[in-house]
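As they're listed, the protein sequences go chains X and D.
Numbers in my numbering are just positions in the first sequence, counted from 1, shifted up by 622.
Numbers in my numbering are just positions in the second sequence, counted from 1, shifted up by 622.
Any given hint might turn out to be false.
Given that identical chains are not distinguished, each listed pair holds provided it fits within a single copy or across any two copies.
Stated by the list, open to error - Result set (DSBU-like, lysine-lysine): computed pairs, CA atoms no more than 30 Å apart in a straight line:
#1 K761 / K856
#2 K699 / K657
#3 K699 / K796
#4 K761 / K708
#5 K708 / K681
#6 K778 / K761
#7 K699 / K681
#8 K761 / K699
#9 K796 / K778
#10 K856 / K796
Everything labelled a hint here was simulated from the structure, so no lab data went into it.
Number of protein chains: 2
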Amino acid sequence: MNTPRIKALLFDVFGTVVDWRASVIAEGVALGSAKGWCVDWETFADRWRLEGYIQSMVKVNAGEWPWMNVDQLHRQKLDDLLAELKLSLSDAEAEHFNQVWHRLLPFADSRAGLEMLRERYVVCTLSNGNIALLTNMAKRAGLRWDCILSAEIFRKYKPDGSVYRGAAEMLGLKPSETMLVASHTSDLLGARAAGLATAFVGRPQQWGVGGPLEPRPDTPFDVYATDFVNLATKLEAMAEPLF
Amino acid sequence: MNTPRIKALLFDVFGTVVDWRASVIAEGVALGSAKGWCVDWETFADRWRLEGYIQSMVKVNAGEWPWMNVDQLHRQKLDDLLAELKLSLSDAEAEHFNQVWHRLLPFADSRAGLEMLRERYVVCTLSNGNIALLTNMAKRAGLRWDCILSAEIFRKYKPDGSVYRGAAEMLGLKPSETMLVASHTSDLLGARAAGLATAFVGRPQQWGVGGPLEPRPDTPFDVYATDFVNLATKLEAMAEPLF
Chain X
623 MNTPRIKALL FDVFGTVVDW RASVIAEGVA LGSAKGWCVD WETFADRWRL EGYIQSMVKV
683 NAGEWPWMNV DQLHRQKLDD LLAELKLSLS DAEAEHFNQV WHRLLPFADS RAGLEMLRER
743 YVVCTLSNGN IALLTNMAKR AGLRWDCILS AEIFRKYKPD GSVYRGAAEM LGLKPSETML
803 VASHTSDLLG ARAAGLATAF VGRPQQWGVG GPLEPRPDTP FDVYATDFVN LATKLEAMAE
863 PLF
Chain D
623 MNTPRIKALL FDVFGTVVDW RASVIAEGVA LGSAKGWCVD WETFADRWRL EGYIQSMVKV
683 NAGEWPWMNV DQLHRQKLDD LLAELKLSLS DAEAEHFNQV WHRLLPFADS RAGLEMLRER
743 YVVCTLSNGN IALLTNMAKR AGLRWDCILS AEIFRKYKPD GSVYRGAAEM LGLKPSETML
803 VASHTSDLLG ARAAGLATAF VGRPQQWGVG GPLEPRPDTP FDVYATDFVN LATKLEAMAE
863 PLF
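Let the sequences and hints guide you as you build the complete structure.
What follows is the structure, given as C-alpha cells:
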C-alpha cells in the first residue's frame, strides 16, 4: 500500500461505526417491557441481523430475490420473527421498531475518530444500509460524513466487487486511492479483491460473547487498528493532505 | 403545500448554493494572467456553462449522447473552447482548470442558512453535478449536507422527473414530503410536476448583468425567498422538527 495516495476512506457502518447489537437489544427490551412480552432480545437481535440481513443479501446478490433495500429486508424478517414468536404490533409500531436500524448508536470513539480522519481524507460511508437509513442515522448520531454512499446506488450488496469499484469511481478516484475501513474480514477481502486498500478495526463486542473471531487468521490487510482514533494516529504519519 | 409535512430540502447547487460565474471568472483571470493570455473571461464562463453544461445535458437526456457525468461534459467543452481560442494547456493544467467547478464559492448566506435549515430538515444536494464534484466542493467550502444526491445516481439530468422522484424515494420519503430549493424556474417546474414542494431563491447575480429574469412570471411556487436565511425564517413558523 502506498499510503500517501489514499484520498478517501470508505466506512462499513453496521458493527464498524455503530453498535447494532446493543442498540437493537436496548430498544427491544424497552418495547418488550411496555408490551409485557417475555422475549430473549439477544437472540432476537442476532437472528434479525443474521437471517434478515446477511442471509437475505446473499439471495438478492444471487438473483434469487429481486432488489430490496435494507429497510425492506429488515421489515420482512421482523414480520417473520413477530409471527413466529406470536407477538402482535400495529403496522405503525412495527415500522417504528424496524427503524431502530436508523437509530443505532455509535461506538464511543466513532465521532471523534471521524473528525480526526476528516482533516486528511474524504470520509464516506460504504454500507449495505440504504441511503435513508444512513442519512437519518448520521443526523441523529452526529456522525459527520463528507458523502453517504450505499450499495443501494449500485443495486448489489457488498462484498460484490461492483460496489467497491463503483464507490471509488463516483468519488472520481481509482480504487487504489481509496481505503475500506471495516471490522469484518469478508468485507475487507471483497474490497481488497477490487483493488482498494484495507484497514481492519477491531469491534469484538459486536456479536456479544462467543462471536466469530475477527480478523480471520492470515488476513493481509494494510492497517490494523483498535478503534478510529487509533486508526487516525496510525495513518497520520504517512498521509498527505487532500486539500 | 402542507409545510409541516416537509421533511427534507433538496438543493440545486450551481447558481443556487454557489456562485459558479464569479468563481469561474476569478480562476480564469488568474490563469490568463499567469499565461499572458488576453481572454474575455465573462464570455468564456457563460459559454462553458451554457454550451458545456446546459445544452450538453439536453443531448444526454434525449439519448443523442451516451451518459457522461458533468466533469466529463465540462472537460469536453473546455477542450473545445481552448482549441477555438488557440490557447494551449497541458493535460494536467486543463484537468486542474476543469476542476474549478469543484472549487466554486458559496454565496454569502449559504453556509449560515444551511446550518439554520439543518436544525429542522434533512438538507441534501440534488444537483446535476456529479458526486465527486459535490463532495469536494462541500468539503472545501464548509457546506454541511446531510446527504449528497446527484442526477449521476439516476443517470438522467434534471428536469427529468425521474431524478426528483428517485431522490425522494432514496430518502424514504414521498415526493410531497420533500421540497426543491432552486433559483431556476425550469428546475422548480420539473420538481413541481414530480410532486415536490418548491422554494424559489433569488440569485439575480448568477448570469451577470442582463441575465434571464427569474422567476419567470406567473410561476406557482410554494415559497419565494431572497436567500437561505430568509428561507429558514419563512419556513420556521410553519415547520415541525423531524427529530
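Homomeric proximity label, K708 with K681: Cα distance no greater than 30 Å: within (26 Å within a copy, 57 Å between copies)
Intra- versus inter-copy proximity for K761 and K778 (alpha-carbon distance at most 30 Å): Both, since 25 Å and 28 Å are each at most 30 Å.
Copy assignment of K761 with K708, given that the CA separation must stay at most 30 Å: Cα proximity of K761 and K708: none, with 34 Å in one copy and 49 Å across.
Which holds for K699 with K657 at a C-alpha limit of 30 Å: within a copy, between copies, both or neither? Within one copy only: 20 Å inside a chain, 64 Å across chains, cut-off 30 Å.
At 30 Å max between alpha carbons, let me know whether K761 reaches K856 within a copy, between copies, both or neither. So K761 and K856 pass the 30 Å test inside a copy (28 Å) and across (23 Å) alike.
Identical-chain pair category, K699 with K796, by Cα at 30 Å: between (37 Å within a copy, 24 Å between copies)
Checking an output row: K699 and K681, CA cutoff 30 Å. Within, between, both or neither? This pair counts as within: shortest intra-copy Cα distance 14 Å, inter-copy 44 Å.
Between K761 and K699, at a C-alpha cutoff of 30 Å, which is it: within one copy, between copies, both, or neither? Classified as within: same-chain Cα gap 26 Å, cross-chain 38 Å, threshold 30 Å.
If the cut is 30 Å between Cα atoms, do K796 and K778 qualify within a copy, between copies, both or neither? The answer is both: 20 Å in one copy and 24 Å across copies each meet 30 Å.
Homo-oligomer pair classification [K796, K856; C-alpha up to 30 Å]: The answer is within: 22 Å in one copy meets 30 Å, while 44 Å across copies does not.
Hint 4 from the earlier list is the only one contradicted by this structure; the remaining hints agree with it.
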